[in-house]
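Assemble the whole structure, with the sequences as input and the hints as a guide.
What follows is each chain in one-letter form.
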Amino acid sequence: MAKINLIATYPKSGTTWTRMLLDSLRQGGVGVGINGVSLTVHLSYRYWIDEQLMMETVDLPREWQRGLQGRALRALHEDGTERTVFGTSHAAYPDASDAELLFPPSTIERALYMVRNPLSVAPSYADFMGLSLDRAIDQLADPHNALGVGTDTRHGSNFPAFLGSWSRHVRSWRESGLEVMIVRYEDLLDDGHRTLTSIARFLGLPDDGPVVESALGRHRFDRLQRQEARDGFVGSHYREKRFFRSGSSTAWRSELSAPQVARIVEAHGEEMARYGYLP
Amino acid sequence: MISNMDRHTDMFTYLIAGQRWRSAIPLPGVVPLEDGCDSEADIVVQHGEVPMELAEAEYRTRHLQVRRRDGLVLLRPPLGPRYLVGGGRIVVEAAGDRDLALVASALVSTLFGIVCYQRGLLPLQGNGVVVGDSAVLIAGASGVGKSALAASLALEGFAPIADGVVPVTLDARQGPVALPTTERLRLWPETVAGLGLGGEAVDFPAEGALRGSWDPGLNPGRGQRPVAALYVVLPQRRTDPDLTPLSGSKKVGLVAEVTYRPLLQRALGSHPAGFPIQAALGRRVPIHYLAAPSRYERLPDACRLLYRNWEALGIL
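Line order of the protein sequences matches chains A and B. Numbering-wise, our numbering puts 1006 at position 172 of the first sequence, and it's gapless, one number per residue. Numbering-wise, our numbering puts 407 at position 314 of the second sequence, and it's gapless, one number per residue.
You may find that some hints are simply not true.
[What the hints assert, rightly or not] 20 Å max Cα-Cα, derived SDA-like pairs, lysine to any residue: (1) B:K343 with A:N869; (2) B:K343 with A:T874; (3) B:K343 with A:S872; (4) A:K837 with A:S872; (5) B:K343 with A:R1064; (6) B:K343 with A:G867; (7) A:K837 with B:Y152; (8) A:K837 with B:L356; (9) A:K837 with B:R155; (10) B:K343 with A:A1063; (11) B:K343 with B:P369; (12) B:K343 with B:P298.
No lab work stands behind these hints, which were simulated from the structure alone. Quick caveat: nothing in here was measured; it's all calculated off a predicted structure.
Next up, the structure:
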């Protein structure tokens, strides 16, 4: 049986950075190229789902595709190989009645949830998705927000991922009933050693001090930015824009207007208060 | 009342990657031969009973079982049909219209991939078009827009030779060569509309088939063609198309990434031909990431970008 550890995030909440850090820990703290992370599988990726199910899901009507992600996870879980697999997802955790369709609970060992201040998520999300800041703020509050619905020229290389609002997303994972560790992105920035050590212990990865220090040192944001400038990042949507922006926890103060901050707080105040994000 | 199953009792003959297929089920996007009925087939596709389990299978998962000693493969993807593949035969157990749509899809994807691996060919997930005397391959994950780009190139006169899966082998003189599978492209209705092809130009034959078959009428011939360039389409959308060349070991790694269903390759046992073909592609063929545009009206820009690259590579 493959043990599946989930890394769940709302988009632009440090997923890529976390993946690199975990891959580095697994390899004893080595530098992992921004285009060379091999530890994790993106669970909505159609290519991966097709391979697990041995079928061409793009040929299926949308209604036939319902539940196939869960079936792919189950196929991986039961493939007869003893190992731990790290899967990433941007999807909200579904209601209990639909959990089998997306994340069959019996296949999941534990989940790491990275939460980031929505005041920082909004500008990063806007930049990544090519949206205005106000439109991005709308989407963060939209209970029907989803990713991966395809574009003009593609049927969609990912299965659609239902996000819902930022608040509902955080709550859905906290209340999923899985063994979940919730980590603030800001703590990984400000107190990296202690935070990454606790993540490593939770996920069963090497947690020796020098290994953790090396992983953090080799994947500082300025280094990632230099790598991106030199090699490009294949996960970037827009060549002309940087994927690795500031990574900062305070840049929003100069990026958002007072009314924009007020809109985010109004929509997400309750969850923001829980994680110490109220301005 | 005649069901779809009854309509498909005739055998269709195809020439795919140099092999003669006789199939009780029409293959989507592939034109049957007129004169094939009397010739011996390399692959026969027929209806029949398929077991739920493959006895003594060394590789066994929920959807795939492989018995390596005789190369027999049991495939049982979700939603219905089961398949038994081996000894030049594909047995299909299916019932009803939905199953037939699934079988048609499987025949030109996973089942074709299995046959390629069993015969020592390296299947890549991609499309092929003819440029000069060579083949240019456009690879990448399902749904990233490979066929839309190939259709846009076909509108400019570059003939398709494969759609979805491109078999590659090694030729002693020419190096890596692509083997033609079809001169047609399977396109979604929105792609047909986006490219302005007109619905009457595209054949949507089977009930439940989402993609129609478009014949650009370019007749590329059936001979193998040396692979002159490989473009890997990125899953991310971009406003402006662009190319990023790759070098060194990254190229071999990328060929492995666009190899069709690597899990199949591992489950079937690594055929001795597989790695040398991957290595030769990585060593001898120029490889680029291609960021394709997200909108149909920008596809001609992607084509022009490719023309400039082909001129630089000396293949146009």
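Quick rundown of the hints versus the structure:
| no. | hint | verdict |
| --- | --- | --- |
| 1 | B:K343 with A:N869 | holds (10 Å) |
| 2 | B:K343 with A:T874 | holds (19 Å) |
| 3 | B:K343 with A:S872 | holds (14 Å) |
| 4 | A:K837 with A:S872 | holds (17 Å) |
| 5 | B:K343 with A:R1064 | holds (15 Å) |
| 6 | B:K343 with A:G867 | holds (12 Å) |
| 7 | A:K837 with B:Y152 | holds (19 Å) |
| 8 | A:K837 with B:L356 | holds (18 Å) |
| 9 | A:K837 with B:R155 | holds (16 Å) |
| 10 | B:K343 with A:A1063 | holds (18 Å) |
| 11 | B:K343 with B:P369 | holds (16 Å) |
| 12 | B:K343 with B:P298 | violated (41 Å) |
Violation of the numbered hints given earlier is confined to hint 12; every other hint is satisfied by the structure.
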